[in-house]
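*Asks:* Take a look at the letters that make up each chain.
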Amino acid sequence: MLPSYRNSLLICSALTAGYFSSFVHASAERFAYEESVGLLFEKYCYSCHGPDEQENGLRVDTLDRDFVNGRDGETWHDMHDVLILGDMPPEEDDQPSNRERQLMIDWITAELEHATAVKRATGGRGVIRRLTRYEYNNTLTDLLGIELDYSNDLPPETAPRGGFQNDGSIMGMSGMQLEYYLKAARMGLDVALVDGSQPKQFYHYGTCNVDRRADRQPEKTHTNKIQPGNAFMTRMMEYPATGPVTIRVKAHAVMPDGKGPPRMRVRLGIRADTYIPGGQIGTDIDILATEESPVVYEFKGQLDRFEKVLATPSNFPGLMITVHNVYDDGSDKINILDLRLNEQERQLNNPDPCQPWIVVESVEFVAPDYAVWPPEHHTRILFKGLEVPADESAYAEDVLGRFLRRAYRRPATVEEIQEPLKFFNEIRGEYDSFTGAIKAALAMALISPQFLYLVEPSDENLGARKLTDFEVASRLSYFLWSTMPDEELLQIAEKGRLLKGRNLAKQLQRMLEDPKSNRFVQRFTEQWLDLGALDRVAINPQFYPNFNERAIPDMRRETEAFFAEILRNDLSALNFLDSDFSMLNERLAKHYGISGVVGTSMQRTPLPSDSKRGGLITQGSMLVGNSTGEDSHPIDRAVWIMERILDDPPPPPPAMVPDLDPEAPGFAEMPLKEQLAVHRQQESCNNCHKKIDPWGIPLEEFDAIGLYRTKSMRLMSKDKGGARTEEFHAPVEVSDVMPDGAEINGAQSLKDYLLETRRSDFARAMVVKLASYGLGRTLEFSDEPTIEELTTQFEKRDYRLDKLIESIVLSELFLTR
Amino acid sequence: MADKSWHMDRRTFLKGTGVALGLPFLDCMRSPAHAAKSSALAMPKRMCAIHFPYGASVPSEDHEDRDWGWFPVREGDNFRYTRVLKSLEPLRDHTTVIGGLSHPTGRKIGGHDTGDIFLTGADFSGANFKNTISFDQVAAAKVGDNTRFASLALSSDGGIGMPTRSKTLSFTASGQPIPGLDKPQLIFDRLFGVDGGTLAEQRRRLETESSLLDRVMDQSRSLRNRLGKSDQEKYDEYLSSVRDIEQRVARSQQWLDIPKPDVDASELNLEVTQEAPLEYMETMYDLMYLALRTDSTRVITYMLGAMNGSTSNQFSKALGLGTQHELAHGAGKPGGFIRQGKWNVCLAENLARFLQKMADTPEGDGSLLDNTMVLMGTSNSRTHNNHNYPLIFAGGNNMGFKHNQYLTYEKNGEDMPMSDLLFTMLNRMGISNAGFSDSVGDLSELYG
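Protein sequences, first through last, are from chains G and W. Each residue of the first sequence is one higher than the one before, starting from 1 at the first, in the numbering used here. Each residue of the second sequence is one higher than the one before, starting from 1 at the first, in the numbering used here.
Quick caveat, the hints were computed from the structure, so don't treat them as lab data. It is possible that part of the hints are untrue.
As the list claims (entries may be wrong) - Computed list of lysine-lysine pairs in DSSO-like fashion (alpha-carbon distance at most 30 Å, straight line): (1) W:K229 - G:K673; (2) G:K691 - W:K229; (3) W:K317 - G:K590; (4) G:K711 - W:K317.
Just so it is clear, the structure is predicted and the values come from calculations on it, not from any experiment.
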């Protein structure tokens, strides 16, 4: 019997990045060469690589021990690798003890990490950074007042290991990218600024649920009672392709006992089956209205998002407006979004009485729906509306001044206004209208560095300087909202009062209370905790036939909501290590085996006292994200904890790591822990892995879909190709010993250990992560004292996140450059 | 037509490809004034490089699964393709399998950090992650003016990534990564999309664009002086980006009179995303084929999969296998070479399809493939092992390559520098005779 590939354990997979992010530990672990290591090199290396002999041209005793300024770093690196692999000293010579070998390896590792950190250091200034992809999208949306997908064509962003996408030193720029910025700016301006009279309005009113294939079959109507997974549809044959759209749905809910409110989602599409262009209008709404008093629910959106598709003739005539009931309790019967069209057709007239329905009474469509003409997003920029004063150039100057103030997040200088103005005057003759030419000039501003970058001029010869009110306002706004400052923040900066008294703290409080701060919650948790990992794992149905894929997005929402709950309710961040509640909806609770939760929204759910679910490290997002889709991945899980919860990632594995020895007797039947132990039999691997594995082994209690288990299922191939398999259930081993000797047995004991022994490491990690996100740079040596200070404050202030954010914002780190 | 024999006539073309792309009339069959100016009689010489991550299946010679290995089996003077590269059998006269090459600088860095330097040979020692120019950009600098696009960088993962995890193969003269395009529709629009309006309107638009960029440039230069030193270095990326577009606009102005090739997109699946890896790769290859065939560019790189590329890593799952990374790590386990080999078969088949299409497209006295060098490979052999890159070199017969060979350059356990191959390609293309990166010679066995 052979193990199939599904059991393959990726020992070094998680440790492959080339960066070391944890300067703190790198510096702490450095120790003097002379103390002991020098003697070891002398004892084991010099005879062949010393004053008398230089085998292979290598002389160790004269190697430069200064890795930062010296030229021998790479030779040391080579020595590091041969020491780990046991290639040196040669077999026939005296061998160092394991401890001695490790001392030499550790010394080189620490020096290399130190040198890397020093070389990357900027003296605590960071480096000019541009807006990230998502910041750019939010900023243009707010600046132009039109919600479009501005960043679709921009290249994806990356983050340094353990860091964030807004790290200026990592972000690139290229000609192609700049072209797409220009294209996006023009697209937005074309929609924002209008010409001529108000376009014709289209109106549609539907009360009958039509068959989704009405173009092929005679019209027939379905019930208006929409059960979960199903939809109410109405079709209009003539419709516009641009402008704002409003859809009003008059409806009420029918809720059986023990069920939550049904949830409504409205979509537009030119095809009923695939919903091309797949546009959701507005956001989902829970329907609470009763039959006695139905409510009109309103959804607003922008047709220009799908202009290209809407304007193209289709084989599927007409525009479909679809009202879905997306309530989902996780049961098998519910299958959202028309995956089983025929089945749904059949069910459509027979709503399940055990599920909450939406009863749709009418659907109203209005587009383009302009409350005033010209629309507000037009007059915000061209403040005289459709009228153009005789002195166009003077008007253009005014327009540019007002626009640049918002685009550059501070009043523009005279020269900054003059450049686009000159351009406007130069090209005005080429355009029929003022609007055409001013758009071109505005687009120019939108590819200027003052817009695309957070510019903070400085002179390094003069040392650090205090940031201006405007610069602080921008930092704050991108930290908490991922977008430009709003009018209130900009005005207080304009008055020069942002940094006076308690104003900064007050603004911070206001901004955290604003719904836009959800962006901070999403962007920070996503990157800090690598929530994207969930999307990279495909759960293998052979292993988990009953798993409901729809629980995966819920796991992400659980972690986001958990972070938000702690942030917004003044709770201690120690809840991240262990908590007596989590944030669940009915579907996810069902997956975890927790009862009593109803509805689609994430809600605070107390956990039973014997629950293993408290804290971040046993949430689905972590356990599933760090699995192979078939089994747990203890190394990934371990590295995740070390890197994200403790900010102490292990060093990457050396080049040329030897393969595991799967031929070891009984390997396939061993618990993962023992399989790892086989790897660790090689002393050089063991030295690292004994520090890593104990963080992952206790979580072996949880399988690849994040559920508690006592056995781990494997499929064993009966032949080499893996075509025929049989199940095998390996025992699960959950106890291990930490490098400090602490014995850990299972997830709960790991959490206890974190809380009792590693609490201050966690506090420090939280400070480092939040601060580097807030600052848009990796922290480095020179930040050390501030980090100490912030960590102390964080601990004193009961580990409250809002207070930590305040401390960071009020710190020198944030207010100077 | 007489003096430019690579401008095929429509009938020859249709007969040759056997592919229903439904092209009404190809613009490369006209005579662009530009091409006429440059090297009037010479055939275009093109290059194309493709990289996939984490090595290939490389069992030892006596391994029971040897036939699932990438490298062919030697039989006397000849060699036999294993089942992995079997799809290249019909292309024997266009293909050489190469082993025993690697970048000396790459042998010192982490196994998964080597994708960045596949085409550059840069030295990353001492945590210095500054890259150097990639060989395609050396070529683009020389032949780029002959085509509407100097070069094209594609990537399944898109963008630039970060040092040691770059998602592109192409780097500028100053070592800046050139973002790889990953969206088929966007690539198509760039290459073949038509800007509306009359010629006069288009010309005016470009003039406006160029004036806009001038002003942005002026303004941005003055801002530079107010920045700190470390900011300035970063900020220079912005300035060179503006310069980049300026050049692009200037080039568009030069090419304005020559219409873009009229390519029918209806046979292409431009909506496809990386979620459907097999279809996606096929479309990317189709786009490369079209770009070369229409002579829109002569230099293409495609990062089919980046090391640590979270998107492309999943591609092998389309065959019901593990991720590419898992396959590489699992290679040593029972059946591991078979699983990795199966994925390699898929990669080879895609390549073969691409090569075959080019071979079937007549150009001058030979085929499109005869005028195009194609390099495909990976910068690991087995997991974390930075020696003996599995490489396929194909095409370019008109540049003197002889093919139908399996060459191994390893001697006494030492590889020859990969840059020797990159240099040989540049040299045969007439780009450089002075070496590339850390090359020490050329690989004369490949030609002559």
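*Asks:* Determine for every hint whether it applies to the structure shown.
*Replies:* Now for the hints, and whether the structure bears them out:
Annotation: proposed proximity of K229 of chain W to K673 of chain G is violated, straight-line Cα distance about 51 Å (limit 30 Å). A C-alpha spacing of about 40 Å is found between K691 of chain G and K229 of chain W, which places the hinted pair above 30 Å, so the restraint is violated. Annotation: proposed proximity of K317 of chain W to K590 of chain G holds, straight-line Cα distance about 29 Å (limit 30 Å). For the hint linking K711 of chain G to K317 of chain W, the alpha-carbon distance of about 26 Å falls within 30 Å, and the restraint holds.
Going down the numbered hints, you'll see the structure goes against 1, 2, while the others check out.
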